[in-house]
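In order, the protein sequences belong to chains A and B.
Positions in the first sequence are counted from 1; adding 111 to them yields the numbering used here.
Positions in the second sequence are counted from 1; adding 8 to them yields the numbering used here.
Hint data in this document are derived by calculation from the structure and do not stem from the laboratory.
Among these hints, one or two may not hold up.
Pairs of lysine to aspartate or glutamate, EDC-like flavour, derived with a Cα cap of 20 Å [to be verified]: (1) A/Lys221 / A/Glu126; (2) A/Lys197 / A/Glu219; (3) A/Lys221 / B/Glu76; (4) A/Lys197 / B/Asp342; (5) B/Lys312 / B/Glu281; (6) B/Lys392 / B/Glu350; (7) B/Lys499 / A/Glu126; (8) B/Lys354 / B/Asp342; (9) B/Lys499 / A/Asp231; (10) B/Lys387 / A/Asp231; (11) B/Lys354 / B/Asp307; (12) B/Lys43 / B/Glu350; (13) B/Lys94 / B/Glu53; (14) B/Lys387 / A/Asp170.
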Amino acid sequence: MTDPTSGPSRVDVTEAAAEMLRHLASINGQLMFHQSGGCCDGSSPMCYPVGMFRTGGSDILIGTLHVEGTYPVEVYMSRSQFEYWKYTHLTIDLVDGRGSGFSIEAPEGKRFLIRSRMLDDAELEAFGLAAPVVPTPAVPTPTPTPAPA
Amino acid sequence: MTIIDRPETEAAAPAAPGSTVYANPGTAGAVVAFKPRYDNYIGGEYVPPASGQYFQNPTPVTGQNFTEVARGNATDVDRAVEAGWKAFPAWSKTSVAERAVILNKIADRMEQNLELLAVAETWENGKPVRETLAADIPLAIDHFRYFAGCIRAQEGGISEIDNDTIAYHFHEPLGVVGQIIPWNFPILMAVWKLAPALAAGNCVVLKPAEQTPASIHVLMGLIEDLLPAGVLNIVNGFGIEAGAPLASHNNIRKIAFTGETTTGRLIMQYASENLIPVTLELGGKSPNVFFADVADEKDSFYDKALEGFTFFALNQGEVCTCPSRALVQRSIYDGFVADGLERVSKVKQGNPLDTSTMIGAQASNDQLEKILSYMDIGKQEGAKLLTGGERADLGGELSGGFYVQPTVFEGVNSMRIFQEEIFGPVLALTSFDDYDEGISIANDTLYGLGAGVWSRSGSQLYRAGRAIQAGRVWSNTYHQYPAHAAFGGYKQSGIGRENHRMMLDHYQQTKNLLVSYADGPMGFF
Numbered sequence: 112m113t114d115p116t117s118g119p120s121r122v123d124v125t126e127a128a129a130e131m132l133r134h135l136a137s138i139n140g141q142l143m144f145h146q147s148g149g150c151c152d153g154s155s156p157m158c159y160p161v162g163m164f165r166t167g168g169s170d171i172l173i174g175t176l177h178v179e180g181t182y183p184v185e186v187y188m189s190r191s192q193f194e195y196w197k198y199t200h201l202t203i204d205l206v207d208g209r210g211s212g213f214s215i216e217a218p219e220g221k222r223f224l225i226r227s228r229m230l231d232d233a234e235l236e237a238f239g240l241a242a243p244v245v246p247t248p249a250v251p252t253p254t255p256t257p258a259p260a
Numbered sequence: 009m010t011i012i013d014r015p016e017t018e019a020a021a022p023a024a025p026g027s028t029v030y031a032n033p034g035t036a037g038a039v040v041a042f043k044p045r046y047d048n049y050i051g052g053e054y055v056p057p058a059s060g061q062y063f064q065n066p067t068p069v070t071g072q073n074f075t076e077v078a079r080g081n082a083t084d085v086d087r088a089v090e091a092g093w094k095a096f097p098a099w100s101k102t103s104v105a106e107r108a109v110i111l112n113k114i115a116d117r118m119e120q121n122l123e124l125l126a127v128a129e130t131w132e133n134g135k136p137v138r139e140t141l142a143a144d145i146p147l148a149i150d151h152f153r154y155f156a157g158c159i160r161a162q163e164g165g166i167s168e169i170d171n172d173t174i175a176y177h178f179h180e181p182l183g184v185v186g187q188i189i190p191w192n193f194p195i196l197m198a199v200w201k202l203a204p205a206l207a208a209g210n211c212v213v214l215k216p217a218e219q220t221p222a223s224i225h226v227l228m229g230l231i232e233d234l235l236p237a238g239v240l241n242i243v244n245g246f247g248i249e250a251g252a253p254l255a256s257h258n259n260i261r262k263i264a265f266t267g268e269t270t271t272g273r274l275i276m277q278y279a280s281e282n283l284i285p286v287t288l289e290l291g292g293k294s295p296n297v298f299f300a301d302v303a304d305e306k307d308s309f310y311d312k313a314l315e316g317f318t319f320f321a322l323n324q325g326e327v328c329t330c331p332s333r334a335l336v337q338r339s340i341y342d343g344f345v346a347d348g349l350e351r352v353s354k355v356k357q358g359n360p361l362d363t364s365t366m367i368g369a370q371a372s373n374d375q376l377e378k379i380l381s382y383m384d385i386g387k388q389e390g391a392k393l394l395t396g397g398e399r400a401d402l403g404g405e406l407s408g409g410f411y412v413q414p415t416v417f418e419g420v421n422s423m424r425i426f427q428e429e430i431f432g433p434v435l436a437l438t439s440f441d442d443y444d445e446g447i448s449i450a451n452d453t454l455y456g457l458g459a460g461v462w463s464r465s466g467s468q469l470y471r472a473g474r475a476i477q478a479g480r481v482w483s484n485t486y487h488q489y490p491a492h493a494a495f496g497g498y499k500q501s502g503i504g505r506e507n508h509r510m511m512l513d514h515y516q517q518t519k520n521l522l523v524s525y526a527d528g529p530m531g532f533f
């Protein structure tokens, strides 16, 4: 359901989430996501009508969801957060739930949820991340990563 | 905070020796019963929501609905803001002595009903009743008393500009303010915001979290007669339908929010449209740093440090300052971690209404799902699971509740489970070689709300505490939240400080009267 023309994508959507997006878009018009961080309902994707949430230079567009039967849905995240997320592929799913900041699906009794998997070798190559990345040592040998901007 | 024994009351299930199991609210022998429905509280009375709609409120303890709550919207927010402004002229002119008396009476009323409030809060949120009895509610009570004292003791200023010119500085309330409350400590977080706002003479429109909308009304039911109509208004509902209209309302004078970063940004965006101040508390990924000398002796201090290690499980990890990253110096790593894991294995999970239970239920199903999704990504990233890692099924009626095993992962700080707030009982554990590396890892995070440092060396404790970029560094302790100790974030963890008299500044204007006592003109014209 992601853009078939642009090679590997970082973000996808499950059928349940897609169905909710079609429903919400039929009420609210075109939608977007901004991935949240921090406490409470943080670390979750927040869904807004386009124009409600102001993105800016601190954000990065990580992909566009092409959901059949509705508008494209852009997915944003703050750049600083993306530094830690860039090795993972994200799938937006839908679960039963309640609160969600101001995300618009909450009154439906549902909540969008991010599921993640590590990028595979071909994806790492495609995103220019193939170099000396991840492999995680079994015994912790912490190497400080550069401080985020 | 001290865990205290409670007297026996009628038990709904077998209790561990020396413990009490409170009956489910609304059942025989219960100390509290929720009403079947809660409307919005506006202008001193309960009024149905404009939408006429209500939403179901489940308890995380069993997953069963136990009351329904008004589905407020922009119309209700308008009414509440209007009610606040109607009350403001009189409320803002009450003397500080009068307001302090009211806050103290609220505290007394809460104290007289400690068990009732504690059990209601546990049923609402899922947290163990030993915490609500010993922490949530006593801290809330003390918070009202603290701000009752602060407002009495607050002074304005007089600046002598020259012999004949004096600048007087007065504190004045802002007006009607909006407050959006999180679900992890529904009553305590509301009181953190309410006490300074009311003490300073503001009127409040409060929006509880939709996951925990009801327990604040149990409190309101106890104190309703103490506050003039319209001073405190409560609009329930969903974030998008009630929270956003409140945050963007063009007739509030300030907005306070505890939550996450994206909503925090939206709230600042709205505040910029209305040119009003905001305070934000947005969470963290707090490091808990254990230096090698902690293990010099296997004494009471070592025992205290092991409790500090285990504090990630307090409130099921649903704390903005959850010490969710443990950094242990390599020279003591194996032994300390083994002892820490043993302590974690003794964390008793069970019925939150049992006073011997140490970890209860996550606050909602979606929170449970999110925690499980992070356990999954932790495993995928190659973190080593040392204990836990699964949903917990506690059997019986608790099977429908939202329980997670206390979980410890070993890994490296660049992993997502080390960088993102999971808001669950999930510890990300790693090691460091020396002081510099320890501080470097501690500071390698987007956030800076809380931190812990453990050492027998006073100088090391001091240096580390000053070097860590966080608003609160617990030093040889953790998870204490007394009034009179400022609480708030560095970096992306937010703006402003709660829990301290400086919070009054967030709820007051400064009025300067610049007065000339000179007899003659200045001489320009």
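Structure-based check of each hint:
| no. | hint | in the structure |
| --- | --- | --- |
| 1 | A/Lys221 / A/Glu126 | holds, 14 Å |
| 2 | A/Lys197 / A/Glu219 | violated, 31 Å |
| 3 | A/Lys221 / B/Glu76 | holds, 17 Å |
| 4 | A/Lys197 / B/Asp342 | violated, 32 Å |
| 5 | B/Lys312 / B/Glu281 | violated, 49 Å |
| 6 | B/Lys392 / B/Glu350 | holds, 17 Å |
| 7 | B/Lys499 / A/Glu126 | violated, 37 Å |
| 8 | B/Lys354 / B/Asp342 | holds, 19 Å |
| 9 | B/Lys499 / A/Asp231 | violated, 33 Å |
| 10 | B/Lys387 / A/Asp231 | holds, 15 Å |
| 11 | B/Lys354 / B/Asp307 | holds, 19 Å |
| 12 | B/Lys43 / B/Glu350 | violated, 43 Å |
| 13 | B/Lys94 / B/Glu53 | holds, 14 Å |
| 14 | B/Lys387 / A/Asp170 | violated, 28 Å |
The earlier numbered hints that this structure contradicts are 2, 4, 5, 7, 9, 12 and 14.
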